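S.K.: Heads up: the sequence shown runs through residues -12 to 175, numbered per this note's numbering.
Careful, some of the hints might be misleading.
As the list claims (entries may be wrong) - Calculated cross-link-like contacts (lysine-lysine; reagent style DSS-like; alpha-carbon spacing at most 27 Å): (1) Lys156 to Lys170; (2) Lys139 to Lys18; (3) Lys139 to Lys67; (4) Lys18 to Lys156; (5) Lys121 to Lys(-10); (6) Lys156 to Lys68; (7) Lys170 to Lys68; (8) Lys108 to Lys120; (9) Lys49 to Lys39; (10) Lys108 to Lys123; (11) Lys3 to Lys149; (12) Lys3 to Lys15; (13) Lys139 to Lys(-10); (14) Lys16 to Lys156; (15) Lys170 to Lys120.
Unchecked claim - DEER-style ranges, computed between Cβ atoms: (16) Asn117 to Val52: 31 to 37 Å; (17) Ala(-1) to Gln162: 27 to 33 Å; (18) Asn95 to Lys119: 15 to 21 Å; (19) Gln166 to Thr112: 19 to 25 Å; (20) Asp1 to Gly34: 35 to 41 Å; (21) Ala127 to Phe12: 33 to 39 Å.
None of these hints come from the bench; they were simulated from the model. Keep in mind it's a predicted model, so treat the numbers as computed, not measured. Virtual Cβ for every residue (Gly too), placed ideally from N, Cα, C.
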Amino acid sequence: LDKDTTGLLIVAKDDKTQALLSQLFQEKKIKKTYRAISVGIPTSDAGTISTKLNRSKTNRTKMTVSNTGRQAITHYKVLKKYDFFSYLEIELETGRTHQIRVHFSHINCPILGDPVYSSLKRTLTYLPENLKKKAKYLLANHLQRQALHAFKLQFRHPITKKNLHLETKLPDDMQYTLQWLQKFFYTE
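Taking the hints into account, I'd like the entire structure generated from these sequences.
M.R.: Right, here's the structure in full:
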């Protein structure tokens, strides 16, 4: 998980299980589902973002969409729309560094609160004047990270062969943010 992304992650207790889990990841046999809040609304209610990602030439800590990088595929569904925001469910077909954050920034729907691929200034450009102060307060006091949560993992355990379906609830800061959006913005 990226720094400041919340949610599920898999930890192996021994080297054998670690190797088998790594193989499942490489073979794309672990289904990873995220929940996120974006600034902006995607043009389609569901879709796929497919690009190549590479390290940024100007900032090596960032990734960027490029013609020469590694293939990255992200599937998404809009769960709820708010005037200037979206609540999303996202499935990764590939698992590249910062993939979700780069992809949604690329389609002009950056993840709310993302300090790397968006900014407070960019977020505020989406909002009418009367809500900018409220948004600044939200981001300074309640959501001090990107609104991205590893919500669900599904895979077959490599040793027991049991099908596992793991889910976790949204963290308090994202729940609060959704309630805030419900209060101040029209929803669809």
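S.K.: Taking the numbered hints from earlier one at a time, note which ones the structure violates and give those numbers from smallest to largest.
M.R.: Of the numbered hints, all hold.
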